[in-house]
Every structure is written in C-alpha cells, then in structure tokens.
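Whenever a hint applies, use it, and build me the whole structure from the sequences.
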Amino acid sequence: MGELSISMSAENKDKFTPYLIGDYLLTQPMTSNKSGFSKWGFCTRGGKEYFIKEFLNPVYPLESIKLEPDVRHRKMDQCIEWFNQKKRIYFSIAASQAGNLVPPLELFRNESHFYLVTDKVSETPMDTHELSSIDMDNKFILMKVLANSFTKLADNHVVHADLKLDNLMIKQTNGCFFTIKVIDFDASYLEDSAPVGEEIQGDFVYLAPETFLAMIEEPAVLSPKVDVFAMGIVFHQLLCGELPGFDSEYDYVYEAVLNDAEIKISENIPEEFRTLIAEMLRKEPADRYSMRQVLSALNGIEATKRARQAAEAVHASPAPRAEHGGRWISTDDFD
Amino acid sequence: MWICTKCETFNEETSLVCCVCGNRRENTDAKCDTTVLESNFKSSMEDADQNSSKKQEYARIKKPDRETYKIKAGQDSADIPKELRPDTPVVQEKPPVEEKQNVPEQKPQVQNEDISLMPEPQPFSDKYDNPFGHSKKPEEIPAAPLPAQPQNVPAAASQNKTNLLPLLIVGGVAAAVLIAFLIIMLLDM
Ligand SMILES: Nc1ncnc2c1ncn2[C@@H]1O[C@H](COP(=O)(O)OP(=O)(O)OP(=O)(O)O)[C@@H](O)[C@H]1O
Ligand SMILES: [Zn+2]
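From first to last, the protein sequence lines are chains A and B.
Quick note, the first sequence lines up with residues 30 to 364 if you use this note's numbering.
Quick note, the second sequence lines up with residues 533 to 721 if you use this note's numbering.
Please note: incorrect hints may appear among the correct ones.
[To be verified] Think about it this way: if two alpha-carbon atoms lie no more than 25 Å apart in a straight line, the pair counts; the simulated SDA-like pairs of lysine to any residue are:
(1) Lys193(A) / Thr153(A)
(2) Lys149(A) / Met165(A)
(3) Lys104(A) / Glu578(B)
(4) Lys200(A) / Leu569(B)
(5) Lys574(B) / Lys168(A)
(6) Lys210(A) / Ile716(B)
(7) Lys210(A) / Arg556(B)
(8) Lys574(B) / Cys205(A)
(9) Lys82(A) / Lys586(B)
(10) Lys210(A) / Asn62(A)
(11) Lys149(A) / Thr537(B)
(12) Lys200(A) / Asp565(B)
(13) Lys586(B) / Tyr79(A)
(14) Lys77(A) / Ser576(B)
(15) Lys200(A) / Glu558(B)
(16) Lys168(A) / Glu558(B)
(17) Lys181(A) / Leu548(B)
(18) Lys104(A) / Asn86(A)
(19) Lys563(B) / Lys193(A)
(20) Lys563(B) / His102(A)
[As the list claims (entries may be wrong)] Sample of chain A residues lacking proximity to chain B, with all beta carbon distances greater than 12 Å (derived):
(21) Ile50
(22) Asp213
(23) Ile298
(24) Ala315
By construction, these hints were calculated from the structure, which means they are not laboratory data.
We put the CB at the ideal spot given by N, CA and C, even for glycine.
See below:
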C-alpha cells in the first residue's frame with residue numbers, strides 16, 4: 030500500500046502540467062495541509078514565485094450549478110461573510126508589516142474556490158535541532174525580531190493565534206546571521222471579532238489558557254495576550270531546546286497553568302530570561318505582559334548587559350569598545 | 533524607512549542603527565514605503581478565471597502556435613490560459629469519458645470538500661464535460677482557435693464522442709436498407 034501510493038504520487042508528479050489560477054501559474058500540484066482546511070502549493074506570476082493556498086471552504090455557488098434559490102442565497106451569504114472577514118484581517122496584517130511577517134498579498138476567487146497568495150519563502154520552519162546551532166547573540170536578536178513584529182500586530186489588534194516553531198521560517202541573511210519570517214495567518218483574528226467555541230483553531234502545545242476556556246465556551250477574552258503566552262513557550266524552546274516543564278498528569282502547558290500547577294522553566298535558561306518567560310506564561314491575561322512590555326523587557330536586558338560589559342571593559346584595560354552589532358551578549362554572560 | 537540587511541526589520545529614516553539588531557545603516561540598504569503597506573494587499577470576489585489578464589492576453593493571439601505554450605523552466609511568459617492549454621487540470625486528471633460519466637464527482641478540485649456544500653452531481657457533470665470548464669455563452673469563448681490536439685489529452689475518447697454520431701447514422705441507414713432488401717428478397721421467394 031505504502032509502495033503503491035509512493036509510485037502513484039511519483040507518476041502524478043511526472044504527469045503534472047502547470048495551469049493558471051487567475052493570473053498565477055501553478056507550477057507543482059497542490060498538497061493538502063495537515064488540518065485539511067486547505068491545499069497549498071507554489072505558483073509564478075511575472076517571473077516571481079509565490080505561495081498559494083486554496084481554501085476548501087466556503088465553496089462559491091456558480092451560476093452554472095443548479096441550486097434552489099434559497100440554498101444559493103445562503104451559500105452566497107456565507108461566502109460574502111467569510112470573504113469580508115478575511116479581507117478585514119488580511120488588510121490589518123498587511124498594515125502591521127515590520128519586515129518579518131509573510132503577509133497576505135492577494136485574496137481572490139477562481140471559479141468556485143477562494144485562494145490566498147503570499148510571497149514564497151525558500152526557508153524551512155525552525156526545528157529544535159537547527160536552533161541548537163544558532164549562537165546566543167543571534168537567538169537574542171530572533172527574540173527581538175519576534176517581539177517587534179508581534180508588537181506591530183498587537184498595535185493593530187491582530188491576534189496571530191497559531192504562533193509556534195512550525196510557523197516561524199528561519200532565514201539566513203548576510204553572513205551566517207539568521208532572522209525569522211512569520212507565516213500562516215489562517216487562524217488569525219481581530220480582537221473585536223474573536224472566534225468562539227468550535228471556530229477556534231490553534232495548536233494545543235502553545236494554547237493560551239483563555240483560548241481553551243473560549244473553546245469550551247467559558248467566559249474568556251481573547252486578545253494579543255494569546256500570542257504572548259505562545260511566545261513564552263517559543264522563547265523557552267529557543268533558549269534551551271525544550272518545552273517548559275510541568276507535572277506529568279498534564280498534557281499541555283495551558284492545562285497546568287489553568288490548574289495553578291507549577292511551570293518549571295529550565296535552569297539552563299539565563300535568569301533574566303526565566304523571569305521574562307514566567308511573566309509571559311501567567312494565567313490571567315490581565316497579569317500577563319503585553320507584547321510591548323515583552324519588547325521593552327528585551328531592550329532592558331540588552332541595556333543591562335551593555336552597561337555591564339562597558340563597566341567590565343573600563344576595569345580591565347583601555348581596550349576599544351565593541352562595535353555596534355558586535356558580540357555584546359553571550360552564553361558565558363549568563364553562566 | 534530602510535530595511536536592515538541583517539535582521540530585515542523596517543527602520544525609521546531618522547535612525548542610523550537598526551532598532552532590533554543594532555546593525556549600522558549602509559547606503560546600499562533597501563528602502564521601503566510603509567505608508568502603502570495596506571495597499572499591498574488586494575482582494576476580489578469576482579471570478580479571476582473570467583478576468584485573468586493572462587487569459588485575455590492569450591485570447592487575442594490569432595493563431596496560437598503549439599510551441600508558444602511549452603512551459604520553459606522558470607519562464608512566466610509561458611503562462612497559458614486554461615482554454616488554450618493542451619492539458620487543463622480539468623482534462624488532465626480525469627479518467628476517460630466512458631468511466632467518468634459514471635463518477636461525475638471525480639474532479640480533483642472538489643475533493644475533500646464539505647459534502648453539504650457540494651452541488652448536485654448532474655450540473656457538475658455537464659460542466660466538466662465542457663472543455664472550457666464553464667457553461668459559457670458563445671461570445672464569452674475566446675476568439676482564438678484551439679491549439680492542435682495534445683498527446684496527453686484522452687484524445688481518442690473525446691473524438692469518439694463527437695465522431696460516433698454520423699457513423700451511427702450512416703451505419704443505421706445502411707443496415708435498414710440491407711434488412712429491407714432481405715425482406716423483399718424473402719417475399720419474392
Ligand atoms: N510563504 C510560504 N513560503 C513557503 N512555504 C510556505 C509558506 N507558507 C507556508 N509554507 C509551508 O507550506 C506548508 C503548509 O503551510 P500551512 O501553514 O498553511 O499549513 P499547515 O501548517 O500544514 O496547516 P495548519 O494551518 O493547520 O497549521 C508548511 O509546510 C509551510 O512550511
Ligand atoms: Zn536589524
């Protein structure tokens with residue numbers, strides 16, 4: 030069975046002929062994504078490569094399809110509502126670009142389906158193995174890049190709602206420096222139109238306690254603090270390669286947090302970051318840091334380190350001060 | 533605004549170092565206009581299949597040359613309107629016509645869909661038998677003639693379908709004449 034499907038897919042690949050979706054030429058067959066809500070692939074337009082996603086729902090009721098008038102109207106209304114909601118959130122995401130988001134470029138309909146186009150990033154999602162090869166200076170910048178990008182989103186009341194390592198593409202820029210590109214705004218919403226109950230999407234590993242409450246239709250307010258919680262978990266993984274610890278009776282961080290159980294932040298993480306992560310993983314959104322506070326905390330950590338290094342330099346020898354962008358923060362500093 | 537080459541963050545014109553990584557601004561750093569960011573996003577609910585500028589562009593071509601439509605690796609100018617393409621996705625993955633008529637829902641695009649949103653099979657089968665993918669009014673069909681029948685299209689199947697009728701008529705008439713002749717012969721005996 031396994032062999033059969035492999036040979037069949039290889040055959041399909043050989044047979045695939047590029048075709049147009051609107052003005053975009055699909056260059057490879059589309060693949061279904063994990064959630065089964067959409068299919069995705071790569072396309073070109075004007076010599077440039079793009080990422081394209083086909084939404085499996087809603088399906089537009091084409092004129093050529095025989096439908097009872099009321100059914101047609103209902104389907105049409107669903108499409109219009111879905112489209113307007115997506116349009117609003119995508120517009121806000123585009124407006125939040127601070128350089129490191131992969132924002133929506135085009136939302137359109139082709140025959141009965143809706144499509145989303147974004148720039149194609151050639152990079153791969155972050156994995157913990159790859160992370161271990163990035164030095165501490167660079168990891169710190171990655172944290173700041175994230176906090177900066179998400180502060181812009183929060184300013185525009187956008188909740189990404191699916192922040193996780195898989196949705197952070199790691200990109201090598203000049204030299205051997207790495208930066209982050211944030212993808213997948215499928216689960217995103219605006220603060221004033223947060224989903225409820227079964228409409229909520231997200232990854233349980235990174236789920237905020239209030240998101241779970243909203244899922245089971247308990248009173249909860251969903252805000253960009255949902256992303257702060259997820260980012261706390263991402264920072265933990267970034268700094269020590271593991272998820273925060275909690276009692277084995279729980280499966281996920283949010284469960285332990287909701288039950289007021291202890292969250293163990295790894296001893297391998299430098300003290301100032303442990304304090305920050307603890308603030309990001311607070312149960313009550315009101316007590317939790319905002320995105321802007323996370324960014325200022327990181328700036329504070331940076332300023333403290335600089336001051337300490339400058340003081341050490343004065344004490345040691347009259348050696349010249351390190352250049353900007355030089356090595357001012359290191360793993361050794363935290364030992 | 534300028535874009536930091538190191539972390540790719542957008543920075544204010546007035547800042548000399550990147551607000552995120554502290555990298556110093558270079559004259560060669562790319563610029564960006566954040567006042568137009570929102571307008572980078574486009575949306576439309578109109579059918580792009582009907583509005584595709586590429587399709588219209590190709591529809592204007594009087595005599596499409598088969599060679600024009602060969603996709604050269606990484607060459608976007610080879611973007612071909614679905615109608616003019618030898619292997620449209622509709623035709624491409626479909627089983628031969630005889631089989632397909634029994635399973636009209638086998639169009640790749642509608643797999644995995646919410647069943648409740650699926651249209652009744654009958655109109656779909658009408659629709660997908662049409663090589664244009666729509667039930668278009670004649671004036672909507674591009675003026676350009678179709679390119680020569682491609683190799684991978686189930687050509688035999690589609691030609692069978694169109695050429696069978698005259699053959700059947702001729703055959704039927706011949707058979708009727710033969711039977712009549714035989715009856716007359718028999719009566720004569
Ligand atoms: N802009 C992009 N450029 C290149 N690859 C991308 C881009 N966006 C997403 N991808 C890749 O495409 C795949 C599907 O992405 P997407 O995040 O939409 O689906 P998913 O993660 O499988 O589903 P879910 O939304 O349920 O998490 C992923 O492997 C992702 O790494
Ligand atoms: Zn920078």
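(message) Please verify whether Lys574(B) and Cys205(A) have alpha carbons no more than 25 Å apart.
(response) violated, 35 Å
(request) Quickly compare the C-alpha distance for Lys563(B) and His102(A) to 25 Å and report which way the hint goes. (result) violated, 47 Å
(message) For a C-alpha distance cap of 25 Å, please report whether Lys104(A) and Glu578(B) respect it.
(response) holds, 16 Å
(message) Is the claim that Ile50(A) lies outside the interface with chain B correct, judged by CB distances over 12 Å?
(response) violated, 7 Å
(request) With a cut-off of 25 Å on the C-alpha distance, tell me whether Lys168(A) and Glu558(B) pass. (result) OK: Lys168(A) and Glu558(B) at ~23 Å, within 25 Å.
(message) Against the 25 Å threshold, does the CA-CA distance of Lys210(A) and Ile716(B) hold or violate the hint?
(response) violated, 88 Å
(message) Check the hint pairing Lys210(A) with Arg556(B) against an upper bound of 25 Å on the C-alpha distance.
(response) The given pair, whose Cα atoms are some 21 Å apart, holds under the 25 Å limit.
(request) For the pair supplied as a hint, Lys200(A) and Leu569(B), confirm whether the alpha-carbon distance does not exceed 25 Å. (result) This hinted pair holds, its Cα atoms lying about 22 Å apart.
(request) Quickly compare the C-alpha distance for Lys82(A) and Lys586(B) to 25 Å and report which way the hint goes. (result) Given pair Lys82(A), Lys586(B) holds - Cα atoms ~20 Å apart, limit 25 Å.
(request) Take a quick look at whether Lys149(A) and Thr537(B) sit within 25 Å of each other, Cα to Cα. (result) At roughly 19 Å apart (the allowed maximum being 25 Å), Thr537(B) and Lys149(A) satisfy the hint.
(request) Sort out whether Tyr79(A) lies within 25 Å of Lys586(B), counting only the CA atoms. (result) holds, 17 Å
(request) Starting from Lys104(A), check that the Cα of Asn86(A) is at most 25 Å away, please. (result) Cα-Cα ~11 Å, so holds.
Checked against the numbered hints above, the structure violates hints 2, 5, 6, 8, 19, 20, 21; every other hint is satisfied.
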